[in-house]
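Chemist: Here the protein sequences line up with chains L and S, keeping their order.
Numbers 21 to 430, taken from the numbering used here, label the letters of the first sequence in order.
Numbers 6 to 227, taken from the numbering used here, label the letters of the second sequence in order.
In short, the hints are calculated from the structure, not lab data.
A couple of the hints might just be wrong.
Unchecked claim - Non-contacting residues of chain S with respect to chain L, defined by C-beta distances greater than 12 Å in every case (computed): (1) G37; (2) Q38; (3) H55; (4) N90; (5) P102; (6) N109; (7) R118; (8) N138; (9) E149; (10) D169; (11) S174; (12) E178; (13) L190.
Said to hold, decoys possible - Facing chain S, according to a computed beta carbon distance under 8 Å, are these residues of chain L, among others: (14) V27; (15) H235; (16) A341; (17) Y345; (18) M417; (19) R420; (20) A421; (21) V423.
Stated by the list, open to error - In silico SDA-like links for lysine to any residue, alpha-carbon gap of 25 Å or less: (22) S:K23 - L:K33; (23) S:K140 - L:A424; (24) L:K33 - S:E144; (25) L:K331 - S:K31; (26) L:K33 - S:E149; (27) L:K169 - S:H202; (28) S:K31 - L:K33; (29) L:K237 - S:K23.
The beta carbon of each residue, even a glycine, is placed where N, CA and C say it ideally should be.
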Amino acid sequence: MNPLPIVRAMLRKSPWMTLAFVLLVAFATALGVAMTAQEKALKRGSAKAADPFELIVAAPASQTDVLFKTVFLRPGTVEMLSKDIVAQVLSDSNVTYSAPIGFGDNYDGNPVIGTTNDLVLSVSGGALQDGRVFATWEEAVVGSNSPLKIGDQFKSEHGHVESGALEAETDGDIHKHEEALTVVGRMAPTGSPWDNAIVLPIEKMWTAHFLPSGHDKAAGEILGPPFDPAFVSPVPAIIVKAKSIADAYSLRSQYRTSQTTAFFPAEVLIELYDLMGDIRVMMSALATGTQILVIAAILTAIVILLRLQRKQFAILRALGAPRIYVLAAVWLYVAITVFAGALLGILLGWILSFGVSQYVEASTGVALHPAIGWSEISMAFGVVLAGSLLAIVPALMHYRAPVADALRGD
Amino acid sequence: MLAVENVAVTYRDSNGQKFDAVTLEKAAFSAGQFTAISGPSGSGKTTLLHALSGIVPLASGEIWWNGNLVSCLSEAARDQWRRVNIGYMFQDFQLIPELSPLANVALAATFGRHQVAKNRAEVLLEEFDVPVNRKRTFELSRGEQQRVAFARALYFNPPIILADEPTASLDKENGRLVTSRLRALANSGKIVVAVSHDAELVNASDCNLQFSRGRLVPDRAL
């Protein structure tokens with residue numbers, strides 16, 4: 021028994037209708053595939069971006085807010101750590117390094133960050149792509165995507181231009197810092213907003229804002245660490261690299277006080293992933309509901325379409341085709357339509373996810389690399405399975421249809 | 006010989022009431038015999054063809070084929086029997102326009118496993134003077150389509166040919182051609198039974214069974 025010639029004839033009979041069925045299944049599948057692929061890409065991208073930041077010490081605030089501002093360099097205001105706390109953290113002996121981090125300036129819309137060479141090297145994966153780390157207060161290192169080249173000079177500006185709330189953020193204090201800095205190094209790509217950042221010594225950031233530089237003036241323009249506890253200034257956060265995991269946990273406990281908060285970026289991300297997971301479950305339920313509705317609508321349309329062809333099936337039966345032949349032909353037609361739609365849906369889902377990733381990367385700087393894995397293929401397989409099971413309905417309708425009635429055209 | 010004894014086919018009307026669509030006490034169709042079945046619309050002619058071919062189950066009665074009772078076969082066995090023993094021709098040909106003439110002729114071979122020469126369809130199409138290389142049947146003229154329908158009916162070289170209004174949708178010339186082909190098939194030893202209103206076809210037949218209200222009109226039987 022080979023019902024494929026009849027299936028071929030059915031596909032040719034209503035090619036546009038069949039194409040519409042395939043596209044509907046494809047769009048419904050793509051929605052689910054894109055969502056799953058995007059969620060995985062977001063998790064991978066954000067985890068990779070946060071990787072160099074082991075422990076963050078900040079003023080008491082929403083950890084998510086602090087994470088977004090320090091790791092993802094999102095614009096906005098944040099409470100400052102007092103200079104006593106800064107002095108205490110920077111002089112802690114249980115750390116490999118502690119890097120104060122200051123932000124709030126920009127150059128041509130790109131964030132300007134003040135910190136130490138330790139953090140620059142850590143973010144850059146241990147070594148710069150080009151050039152060297154800064155050796156004086158007038159030097160800077162740029163992210164891999166920065167338009168600035170080594171040797172370029174620039175003047176940073178107060179405030180986040182892209183926030184759209186410059187006036188509010190800076191309390192009307194919009195000014196360009198007078199001293200030009202020279203780019204001396206370029207960081208390796210990180211897949212994070214730091215790729216667009218311009219990093220300069222924290223000492224420069226402090227003095228540009230008329231704050232103590234972290235060192236006694238008598239010592240000259242030296243770079244920390246170490247910093248002189250008597251001359252440090254407030255910062256929004258300090259990135260701490262502990263000597264051991266045990267030390268990291270110990271520091272985290274130690275700086276969870278009424279004046280400070282300390283957290284591993286990973287734990288905040290996990291909370292966010294949990295939240296994302298809840299949203300994903302909701303979105304998945306919506307996508308699954310959409311898929312079921314689409315398949316049900318398609319099956320209804322197919323039932324109507326095939327009802328118009330029932331005389332053709334009756335003719336086949338009159339020519340000697342067994343019932344099972346008609347059942348197989350109808351089932352195969354629906355299954356092929358759903359399978360083609362699901363296959364196309366995987367491709368469309370990836371394209372959709374890729375497009376969203378490009379948009380997210382452009383607007384946040386977090387590099388996302390969506391990929392089609394087993395979960396997406398399983399989802400498409402689920403659509404095929406559901407479609408194939410539901411295809412039995414129209415197949416059975418034609419299997420059971422009385423031949424004589426259909427031949428008479430009743 | 007295809008023989009019918011006390012056959013009744015029952016349908017339900019729109020109110021769900023049963024009624025006899027056909028009752029036929031006795032009839033026999035012999036090899037080489039061309040039988041015409043005529044009568045007004047709704048008289049049960051097509052239903053008789055469906056009963057003879059096993060498409061509809063009988064409410065009562067028996068149909069015998071060469072001494073074998075076919076009316077008591079299972080549906081699957083009747084399908085198999087019909088496929089090999091009956092060549093069915095429909096009004097308007099009922100070809101599948103999206104398939105090639107070749108695929109239309111060989112369609113029945115896809116219903117199950119059959120020992121048929123690979124080029125049987127090609128031979129038949131050449132015999133009926135239909136271009137073998139056409140991709141779609143809808144590209145053919147009506148005359149060519151009618152010849153494809155003939156070739157399809159003869160694919161398994163069946164001993165019985167059942168034709169339902171085979172000339173109804175044709176012009177006079179093509180109608181005559183069909184009648185002469187059916188006549189020729191009967192002359193070649195096949196049983197030919199054709200439902201028709203066409204006087205020329207009825208005149209060309211060996212016997213005319215006239216039906217009215219599901220019953221044979223006795224005095225009009227030849």
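Chemist: Which numbered hints are broken by the structure, listed smallest first?
Modeler: When the structure is compared with the hints, numbers 3, 4, 5, 6, 7, 10, 14, 15, 18, 19, 20, 22, 23, 25, 27, 28, 29 turn out to be violated.
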